[in-house]
Amino acid sequence: MKKNRFSFMLLMLALLLSSPLFAQDGLEEYFYQSGKIKVVIAVAMIVLTGIFIFLFGLGRKLSKLEKRIEAGNKK
Amino acid sequence: MKLWLKIVCVILLFYSALFAFWHPMAPGGLSVSATEFHPGRNDFFLVGYSTHFLSEKDNLQVFVSNDSTTIFCADVVDVISDAKVMVSLFLPDTISSTRFGFFANTKADGTIIIDAPVGNSGFTVVPGFQPDECKYKVANEDATSFGFPFQPVIMESIRNLMWHVPMWFTMFALMIMSFYFSLRSLSIDADEQKVRFDLKASSSAVVGLLFCTLGLITGSIWARFTWGAWWTNDPQLNGSMVVFIVYIGYFILRDSTPDGDKRIRLAGIFNIFAFVLMVVLLMVMPRFTEGLHPGKSGNPAFSKYDLDSSLRTVFYPACAGFILLGYWIYDLYFRIKKIQLHEEEQI
Numbered sequence: 112m113k114k115n116r117f118s119f120m121l122l123m124l125a126l127l128l129s130s131p132l133f134a135q136d137g138l139e140e141y142f143y144q145s146g147k148i149k150v151v152i153a154v155a156m157i158v159l160t161g162i163f164i165f166l167f168g169l170g171r172k173l174s175k176l177e178k179r180i181e182a183g184n185k186k
Numbered sequence: 022m023k024l025w026l027k028i029v030c031v032i033l034l035f036y037s038a039l040f041a042f043w044h045p046m047a048p049g050g051l052s053v054s055a056t057e058f059h060p061g062r063n064d065f066f067l068v069g070y071s072t073h074f075l076s077e078k079d080n081l082q083v084f085v086s087n088d089s090t091t092i093f094c095a096d097v098v099d100v101i102s103d104a105k106v107m108v109s110l111f112l113p114d115t116i117s118s119t120r121f122g123f124f125a126n127t128k129a130d131g132t133i134i135i136d137a138p139v140g141n142s143g144f145t146v147v148p149g150f151q152p153d154e155c156k157y158k159v160a161n162e163d164a165t166s167f168g169f170p171f172q173p174v175i176m177e178s179i180r181n182l183m184w185h186v187p188m189w190f191t192m193f194a195l196m197i198m199s200f201y202f203s204l205r206s207l208s209i210d211a212d213e214q215k216v217r218f219d220l221k222a223s224s225s226a227v228v229g230l231l232f233c234t235l236g237l238i239t240g241s242i243w244a245r246f247t248w249g250a251w252w253t254n255d256p257q258l259n260g261s262m263v264v265f266i267v268y269i270g271y272f273i274l275r276d277s278t279p280d281g282d283k284r285i286r287l288a289g290i291f292n293i294f295a296f297v298l299m300v301v302l303l304m305v306m307p308r309f310t311e312g313l314h315p316g317k318s319g320n321p322a323f324s325k326y327d328l329d330s331s332l333r334t335v336f337y338p339a340c341a342g343f344i345l346l347g348y349w350i351y352d353l354y355f356r357i358k359k360i361q362l363h364e365e366e367q368i
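First to last, the sequence lines map onto chains A and B.
Note that this note's numbering has the first sequence beginning at 112, numbered continuously upward.
Note that this note's numbering has the second sequence beginning at 22, numbered continuously upward.
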């Protein structure tokens, strides 16, 4: 089951990489429109995404801890 | 973390994110439609970027340099838009060199320069030949337009300076903190204090690694669209990758040793080693090797030319804001880890 999921993800990645957006000319053209401003947007989005992913992980850590403390208090 | 620091952090980040996108670009030259010049009349389009050709129609002067000493004035046939102008250039049979450079003068934009390779046919090339020169000002410095400096390949992506570079500054700040905490954890005798400093060191290294990852990814994207490849053999790129792996090694070492004094000592010493390696690879090595980052061979940061005052007013607040944000995240992470440790001890 796990192996299947992994190969499915690989297939999806291959499809994504072969999509027109990632074709050599298409990608260049897309990002070069209006003086490469899209590169800046992509970079800013990645910064935000990275920080948010980290914060989500932090929240999950905290709720696990909360559960454990509550369970400990009941005893 | 104090409340006022959080407020300062939010204000700085709002300010820098807003102006990173809002601030206009300074005028610059983009392209020339001419592919080949021949003696006589040559008609072509000249395209600028955030220029003011239309509103400065009466002051517009277009000229072509040939050799470093001669210029030919072109007649402006039609101003199509603020960024596009059609010109007609008369060239004699004899020219002094086969290299041409393109210039456009306006009062608002100063002199914009386009360096485009243009072929030629049917000319007699006589080096040092002096034709009847026109009298346009080659370096017009009365520009009133302002904005982030326009550079041909970088273009609008100069704004990435406010996103990509602060990642590395934040990582440095957090790693310096981590280094300091590791030193403290090694030099203090009391057990409780030791554990606390070790936890602080690893927490700030985790957040530092987050910003290192972001710096690597954003740098890779920026490199793809300015240098043409996701990864290049720049010393700073390879160095930061090594630093990234070394810090991952720090976490593996720390998590794989059993709790207690041994873990704190091993992790602390490895962290000091990692910090020294980071300073050497990111600050010292790039000064001695050739690379693609600006201001190379001498200074890994931006030189005076690359970082002008309009960039500084947004870049420094962005760095300060991201460093405060990094500290903020570190603070939350450390507090959660502290409670976790406390909880484990009770069980």
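By construction, these hints were calculated from the structure, which means they are not laboratory data.
The beta carbon of each residue, even a glycine, is placed where N, CA and C say it ideally should be.
Incorrect hints may appear among the rest.
To be verified - Think about it this way: if two alpha-carbon atoms lie no more than 30 Å apart in a straight line, the pair counts; the simulated DSBU-like pairs of lysine-lysine are: (1) Lys78(B) x Lys27(B); (2) Lys178(A) x Lys27(B); (3) Lys283(B) x Lys23(B); (4) Lys175(A) x Lys78(B); (5) Lys215(B) x Lys178(A); (6) Lys105(B) x Lys27(B); (7) Lys178(A) x Lys23(B); (8) Lys128(B) x Lys78(B); (9) Lys27(B) x Lys359(B); (10) Lys172(A) x Lys128(B); (11) Lys359(B) x Lys185(A); (12) Lys185(A) x Lys175(A); (13) Lys105(B) x Lys215(B); (14) Lys172(A) x Lys359(B).
To be verified - Cβ pair distances, simulated, as ranges: (15) Lys149(A) x Ile101(B): 23 to 29 Å; (16) Pro279(B) x Lys178(A): 22 to 28 Å; (17) Arg308(B) x Arg179(A): 48 to 54 Å; (18) Ile293(B) x Phe167(A): 41 to 47 Å; (19) Phe167(A) x Phe309(B): 38 to 44 Å; (20) Val31(B) x Thr160(A): 17 to 23 Å; (21) Arg179(A) x Asn259(B): 39 to 45 Å.
As the list claims (entries may be wrong) - Chain B regions said to be covered by chain A (calculated; three or more residues, Cβ under 8 Å): (22) 37-46; (23) 111-120; (24) 257-263; (25) 296-310; (26) 357-367.
The hints, checked one at a time:
Taking the CA atoms of Lys78(B) and Lys27(B), the gap is about 50 Å. The hint is violated against a cut of 30 Å. Straight-line distance between C-alpha atoms of Lys178(A) and Lys27(B) comes to about 28 Å, which keeps the hinted pair within the 30 Å bound. Straight-line distance between C-alpha atoms of Lys283(B) and Lys23(B) comes to about 34 Å, which puts the hinted pair past the 30 Å bound. A C-alpha spacing of about 67 Å is found between Lys175(A) and Lys78(B), which places the hinted pair above 30 Å, so the restraint is violated.
A hinted pair counts as satisfied when its Cα atoms are at most 30 Å apart, and Lys215(B) with Lys178(A) qualifies at roughly 28 Å. Only pairs whose Cα atoms come within 30 Å are accepted, and Lys105(B) paired with Lys27(B) is rejected, the gap being roughly 47 Å. For the hint linking Lys178(A) to Lys23(B), the alpha-carbon distance of about 28 Å falls within 30 Å, and the restraint holds. Between Lys128(B) and Lys78(B), the direct Cα distance comes to roughly 10 Å. Compliance with the 30 Å bound is thereby established for this hinted pair.
Among the hinted pairs, Lys27(B) with Lys359(B) is consistent with the structure: their alpha-carbon atoms are about 21 Å apart, no more than 30 Å. Note on Lys172(A) and Lys128(B): the hinted pairing is violated, with a Cα-Cα distance of about 60 Å set against a maximum of 30 Å. Taken as a hint, the Lys359(B) and Lys185(A) pair is honoured in the structure, with Cα atoms around 22 Å apart against an allowance of 30 Å. For a cut-off of 30 Å, the pair hint linking Lys185(A) to Lys175(A) stands: about 16 Å separates their Cα positions.
Restraint check for Lys105(B) and Lys215(B): the C-alpha separation of about 67 Å exceeds 30 Å, so the hint is violated. At roughly 12 Å between alpha-carbon atoms, Lys172(A) and Lys359(B) fall within 30 Å of each other, so this suggested pair holds. The given range of 23 to 29 Å is respected by Lys149(A) and Ile101(B), whose C-beta atoms sit roughly 25 Å from each other. Taking 22 to 28 Å as the suggested C-beta distance range, the pair Pro279(B) and Lys178(A) conforms, at roughly 26 Å.
The hinted range of 48 to 54 Å is satisfied by Arg308(B) and Arg179(A), whose Cβ atoms lie roughly 50 Å apart. Look at Ile293(B) against Phe167(A): about 32 Å separates their beta carbons, and that is not inside 41 to 47 Å. For the pair Phe167(A) and Phe309(B), the supplied restraint of 38 to 44 Å holds, since their beta-carbon distance comes to about 41 Å. Between Val31(B) and Thr160(A), the C-beta spacing of about 19 Å keeps the proposed range 17 to 23 Å intact.
The supplied range of 39 to 45 Å is met by Arg179(A) and Asn259(B), whose beta-carbon atoms lie about 43 Å from each other. With 4 residues carrying a beta carbon less than 8 Å from a beta carbon of chain A, the region 37-46 of chain B meets the three-residue requirement, and the given coverage holds. As drawn, the region 111-120 of chain B meets chain A at 0 residues by the rule of a beta-carbon pair under 8 Å; below three, the given contact is violated. Judged by the Cβ-Cβ criterion of 8 Å, the region 257-263 of chain B is not covered by chain A as claimed, because only 0 of its residues qualify and three are needed.
Here's how the region 296-310 of chain B fares: 0 of its residues keep a CB closer than 8 Å to some CB of chain A, so the rule of at least three is not met and the hint is violated. Taking a C-beta to C-beta cut-off of 8 Å, the region 357-367 of chain B contributes 5 residues in contact with chain A, enough for the three needed, and the coverage statement holds.
The structure is inconsistent with the numbered hints 1, 3, 4, 6, 10, 13, 18, 23, 24 and 25, although it conforms to all the rest.
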